[in-house]
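Asks: Under my numbering, think of the first position of the sequence shown as 26, with each following residue one higher.
Treat the hints as calculated values from the structure; they're not laboratory data.
No experiment lies behind these values; they were computed from the predicted model shown.
Watch out, some of these pointers could steer you wrong.
What the hints assert, rightly or not - The calculated EDC-like cross-link candidates involving lysine to aspartate or glutamate, where the alpha carbons are at most 16 Å apart (straight line), are: (1) K158 - D197; (2) K235 - D197; (3) K158 - D196; (4) K161 - D197; (5) K161 - D196; (6) K235 - E59; (7) K235 - D196.
Said to hold, decoys possible - Simulated restraints on C-beta separations: (8) G112 - A177: 24 to 30 Å; (9) F211 - G63: 36 to 42 Å; (10) R69 - Q92: 22 to 28 Å.
Note that CB positions come from ideal geometry on N, CA and C, so glycine has one too.
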Amino acid sequence: MKRIWLSGLGLLVWGWAGLALADWNFARIIPSAERLYGPLGEGRQRLEGWQELLGELVGQTEAAQLQAVNSFFNQQLAFADDHWLWGQADYWATPVEALHQGAGDCEDFALAKYISLRYLGVPSEKLRITYVKALKLSQAHMVLAYYPSPQALPLVLDNLEVEILPAEQRDDLLPVYAFNGEGLWFPGESGNRRVGDSKRLSRWQDLLRKMAAEGFPGELH
26 MKRIWLSGLG LLVWGWAGLA LADWNFARII PSAERLYGPL GEGRQRLEGW
76 QELLGELVGQ TEAAQLQAVN SFFNQQLAFA DDHWLWGQAD YWATPVEALH
126 QGAGDCEDFA LAKYISLRYL GVPSEKLRIT YVKALKLSQA HMVLAYYPSP
176 QALPLVLDNL EVEILPAEQR DDLLPVYAFN GEGLWFPGES GNRRVGDSKR
226 LSRWQDLLRK MAAEGFPGEL H
């Protein structure tokens, strides 16, 4: 069965743009998290670890950033179903919420990795949060795809796999749709197909609003 992964072409402006390194102030973000979510407990150490990681990765190669960010969240977060963790069928947690809990489902892993890499300056056109069908598990799943160049097949950052593998080595994943802060696409034999606009992903918009409340700056479109 042929796997159709989206190329990195075709940008639409309707997301979170203009991330600036100097704008993330964890001295404000961590107290905001305590006000919003209560005592952080061990979550404080995880948040401080995230802050330290990001500081260490500034200016490093994208390859190094991918490896470190992927490993960090795969190690810091335990998998937990949304029903068990949040009492909801589908909940998209911010990285702060996920690190506070020390757990999340596949969406939370992928979103935290995407947001971290965008902060570090990886261009949005190289990153696609991708819904897939995990064929071996026979269930919906989410991963982060990284495109080294516009026409390249992506590398896949996944909480189910320790290694970052090329898409052609992930025969267990069937892409369904993908998005980033600037667009939403369906895969197809004839190329990428735009579908809808930002209103089609209300949970993404909710996540950005929650991050703004946590003290993260950024333009919301």
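Asks: So, against the hints stated earlier in the document, which numbers end up violated here?
Replies: As far as the earlier hints go, 2, 7 and 8 are violated by this structure, in ascending order.
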